[in-house]
Structures are given as structure tokens and as C-alpha cells.
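Engineer: Listed below, chain by chain, are the residues.
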Amino acid sequence: MIAPPAELPAPGRVGWADHDLLEVAMGPHHPSTHGVFRMNVVLDGESVAKLTPIFGFLHRNHEKIAERNSYLAAIPYTDRLDYICSMTNNWAYVLTVEKLAGLPVPDRAEYIRVIVGEFTRLFNHACMAGFLLQDMGALGTPLMYAFREREKILDLFEALSGSRMMCNYLRFGGVRCDLPGGWREQAAGVAAAFHPFLDQFEALLSENEILRARTQGVGVLPPALAVNAGVTGPGLRASGVNYDIRKVDQYGIYNRFKFRVPLGARGGDVFDRYMVRILEMRESLAILEQALRDIPEGVFLDPKAKLRNLRPKAGEAYGRIEAPKGELGFYLISDGGPAPYRYRIRPPSLVNLTVLEDMCLGHAIADVVIILGSIDIVLGEVDR
Amino acid sequence: MHTLEEIIARVAAALPGARLEIVPNNSPARQPSLLLEPGRAVEIATFLRDDPQLRFDYASNVTGVDWPEKTVREKVKVKKIVGGMEQEAEELVERKTPGFLEAVYHLYSMALGQGPLILRLRTADRSGQVALPSLTPVWRSCEFQEREIFDLFGVQFQGHPDLRRILMWDNFADHPMRKDYAPAGDQEAQP
Amino acid sequence: MLGRGILRGLIETGRNFCGSYYDPARLTTVQYPEEKLPPQENARTLPFLVYDGQDPLAGLRCTACTICEQECPAHCIRIVKDTVKKPDYLGKMQFHPKVFDIDAMVCMSCGVCVEVCPFDSIKMDRVFELAQDRRALVLHKMNLAKSNQYYREIHPTEAAAVDAARDEEQRKARAKKAAAPAILTP
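Protein chains in written order, with our numbering: chain A, 1 to 384; chain B, 1 to 191; chain C, 1 to 186.
Everything labelled a hint here was simulated from the structure, so no lab data went into it.
Please read these numbers as outputs of a predicted model, since none were measured by experiment.
In silico lysine-lysine, DSBU-like type, Cα no more than 35 Å apart, as pairs: (1) A:306 <-> C:98; (2) C:36 <-> A:152; (3) C:86 <-> C:98; (4) A:64 <-> B:70; (5) C:86 <-> C:146; (6) B:79 <-> B:96; (7) B:179 <-> B:96; (8) A:313 <-> B:77.
Hey, can you work out the whole structure from these sequences and the hints?
Structural biologist: This is how it looks when you write it as C-alpha cells:
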């Protein structure tokens, strides 16, 4: 690793003749930046001397739109935040409104939320591994194997909510509709088939020498920096910090499930972040098994739940969940009216990007793409 | 988890003269917050992060809120002289509560598993005096989120390592999330 | 042995490759449009207005209450009420829409309009093969009106439940009318 030069030019202004540094803009049109994301990378030869992330290309002003629409109308917009994981986005928002307005949720609805949430975590982590490998040059084979399993889960979501990705399924006080006939059996089948898929996926990847050479020792994130920089999710746990919001806050009914929290063993490099996600997928399967077995009969929506014209009392609430990418939080301020006074999304991808530069300094430019892939960002969430 | 009163007592013991006020929260969420004076915010934040009993080492969320000026109309009893006699009459008086911008910090402790502790910093007004101390030197997770508050609300964070716009383009002139923002020439698609 | 991991991976890929010749789980490509997967019953794309019977104008269930217009998150529905009332399936006189436009460019297929409609008059359609070479992007009332028969075809379970509920209400209304005392003429 080459240490970066002591004196660096101001962001965006590099004189060619002054230094032997080259500033390259990676993105926003780039196949490996996980969306419209730009990085201004200052290179000393091939190693990174400075990295400035630039985003905002997908800013759709969700927060202001929510201030003019009702609380219900914000739910379809939350689908489009982390557009891969729509169910968990819905859950974070609905949880916060339930906190704000003090709404109860029936048991069956909580089990359904856990089931769809863990399915979402499964395919998010499988896709992350697939995309990481594609960025490394694996041309799409692991990605397509992951997508094969994802298709089965998307079919489940379509049968349940009507749409594969933009599910708009959770409601204040429960879920939008009950599980259709045969869904539980189909879901149990998909979860059972995921175990051999994970075994094959690991056989394909985890001992692969090229993968190990490219990811071990690359992009190390020390735990103290991770905590201070607000990194959450698998990236934090890969650095060895045991903080899983499902265990800390125990929102929903997560205290009823037995599952472990995998931690990284090598100090927080890219390989750790990849392995933690593989292990988390196995834990998600354990939770799914328990949830599908124990789900009780009952109502899917609180009988007193209001669909239209929900006006929570004036006050505020911050609610958060362990989304597949990290801590997804919503901060709502209500002034007693039909629309929120302030609607704020705390996106995990945005805060996880704080340490991108720290992890990339001194590495080759080819590693930048891999480190970015291991953070697992989605621009819909970063920019909102 | 320590109550807010306990936390205020600890801070007052360690940093004499620091004023913290509890801002109540009437929703069932039961999350009242602490209002800090901007002058000593960095000191208080560093104490909250480092004190062994509190250890709020993780700033999860930094939000900007715009509170515009409010005009409150109230009926006030005034003594007036009408036709040589003193009479009590009711007059409609308009009072303006000043507007301000606010930065709200949600803190958690990863080491001790407690939280959320909510801090609030308020500017003096919405136009000329919009500076607040940046808490990025204390928690790096505030870096991008404070930039976003600067971009969308206009709060100038002093001590921030790199205060630039983050979501809007660099030459953009206004602050979109303010309540009085009117987009120029923007029309919604009408069927 | 160096290369053992790569070899294990290649065996896995080999298994997938050979398996794709005989195992349907390995080869999941559907050669669209020659082969099409059967549509899911619950799928939703754009909304449509349901009418009972044969005449789309007379049988249109929509009463122009504008609840869907107010609740639509994308504000893509525009309704203009007509001043003339017509009877609905219970015999009550209701307004109906003179203009009912949905901007298909803006609609995000969320289904909130369907959830909030009190009259079961707007439902989600399932067609997604909507590409065309004309700029027919705003759907008007006559484009949107489709029969209850069509609704029963695409969403059988849902339509059966809606029909059963409406039949029950009609039966109750008739029973109430029959039990009401006859008006005595002076």
C-alpha cells in the first residue's frame, strides 16, 4: 500500500502540471457503482490518494412529497427508497407511524411481517454477493444463480401483494391482505430449497482463490471508526461490533425467535463483509423456519386501524429497523394534521458511505469498485 | 437507560453552567428531547460520547426541521378611555413567535445498548443568523447528514470539515426543504 | 492444493451447465413472447373502472365521490362530477363521473385507489403489454371502463367476494323494502 501524499489539492481542482496525480471521475454512468453514483478519485499511479463521493442524481424529493400527502400515501413511496427491499422499507415507516400514533399490531400480522422481512433479507444478501462477484469480473454467473432463487421469492411476493418489487404491502396496524391459500406451503418450499442453494453458492465462491486474493486485506474498516462513523448493518458486524437492531430494540416479535448474529473475524475487510452476509442468510433461514411454523391464525389488520385520514396527535417519533443494508430509520413530526409536518428518512446506505474514502485510501483503483460493492448501497436510498 | 433528568444532572456536574432544557413530546412514542445552547454543544456532545456511564458513541440520525414564524392572534383585555369613562374592552392582538431552523440528533450507545437520546440545536432565526456548531468532529456519522441540512435548509455548520451541497447541484441557489420554498416554473404533470 | 477452490467452483458451474439440459430447476429462462408464464391472479398494473351489465355508461359503478382522487399518492386521477344522477345497484340515486382521467405516465400501480374506494368501482387490471406507437398516455373514462365479467376473469377470487357482498346488500335492501309498511294514501 502506498501512503497518500501529505498535501492534497482541494476537491475537484487538480492541476496536471503541479503533481503527478490524476483525477478520474468514476460514474455516474458506470456499471459497477450500484446506481447513479459518482466518485472523484485522485490517483497516484494506480493507488487512490483521495476519493470524493458525489451523489444526488436520483434525488426525487421524497421527504417534501410526503409533507403534502397523507400518511397512507407515503407507503408506496417508501417502496422506492431501497428499491430492492420494498417490504423492509414499508416496515420501518409503518413501525414509526405506529409508534407515533400508538397503534397496536395483531400477532398474525407481526409474523407475516417477519416472514416477508426475512425473505427480503435473503434475496438482498444473495444479490449483494452476486453483484460483488460481478464487479470482480465473474461475468454474472453467481449473480444469475442468486437471481434464480430471488425469482421464487418475487413470485411469492407477487402472489401476496400484487407486485414483485414495489409491494406496498404493510399498513398501519397490520398488513394489507391476508396470506392467500397455499402461500405458506409455497413459502416453506422456497425456504427449504434455499439451504442447498446456499451450499452450492458457497461451494462456488467461498474457497475461490481469486475471490480470496481480491477481498482479503482489502478495505479494512476498524471497529472504532465504524461506530463513530455510524456504519450499521453487516458492514458494522463484519468489523466485529455486535450490534443488530433486531436484538437491541427487539421490535416486532423478534424476541420470540432464536437466531445468532455473525461477526467478522478478520478485522473488517471485504471478505468479512461478504462472509457475514452469507452467514446472515443462514440465520434468516432459521428465523423463517420458526416463523412459518409458529404463525397463528387471526386477523391480519387491527380492526380499529384507520386507512384514510389518519391524524396522529402532535408529537414526534423515531423508529428504526435492521434493514438488510443497515439501520433504516424514520423520524416523523406530526402537527395533528393529515400530513406529516416533517418526514425524515435515515438511510443506511448514505451513512455507510461516510467511510468509503477511509477504506479506499492506498488501494488500487480496481479495489475501489470492490469496496463500494461490499458496502452494499442503493442510490434510491442515498438520494431519496 | 438513564432518564433525561439524570443525564442533565451528570452533564451539569461535569460542565458547570451548561444549560439543557427538556422539550416534551406528546405522542405515545415517549421520546422527549434535550434542547442545547449552541455555544457549548460540542463540549456537551463530547462529554456524552466519552462519559463511561453514558457512552453515546453512535449518532444515528441528524435531521433538519424548519419552523417558520407563526402569527398567533389572541384577545387581550385592554383598558380604554371611551367618552371620558374608562372601560375594559377586548382587543385582537397579533403576536409573532419567531421562526428558527432546528437540527435534531438521535444518539444511541452501541457500547451500553441504550438510546435514543435526542438533542436539539436551534438557530436564532431563519434568515441572517443560521449558524450552528457542527458535531462532525465528535461523531463522523454527522458528516453527510449535516451537509444535507445545509443543502436543504440552509443551516451553516461551523467546524464542519467539508460543508458543500450534497443532493442539489453546486450552483443551486435556494433551500428546497424550507416551508416557504416555491419552485420556479415547476409544474406538476396534469392529466 | 492451490486452485482447489476454483476447481470446486468449476464443478458447481459444470453441474448447472449439464443440468440445464434435463433439469427444469437449472434452466429457468422462459422464451418470451413465444412462451408466457401464466399470470398471477393478484398481479396489478393499471387501474380500470368496473361496470355491471352490458352498458358501460349506465352500469358504471363509480359515483364520482372523488375519494380515489384525494388518496392517490401520485395525484394522477382527475374527476369531474356530472350533474345528472342515476340509480345504482341498490336503487339509490348517485352522481356519476362526467370525466374520469388517469394519467398512465404518473400512475405508480400502488393500488391505494382500489383500497379506499367504497363502491368497488375501481380495480387493478393485470395487462402489462401496453406498449403502443401512439401517445395515448392519458386514459379516459371510456378506455378505463371494463365489464364485471372481465373482472371476474382476471381476479376470480376477489370478484367472487365482491359479487357476494353486493348480492347480499341487494337482498337486504329488497327485504327492507318489502317489510316497510305500505304508504297509506289519504
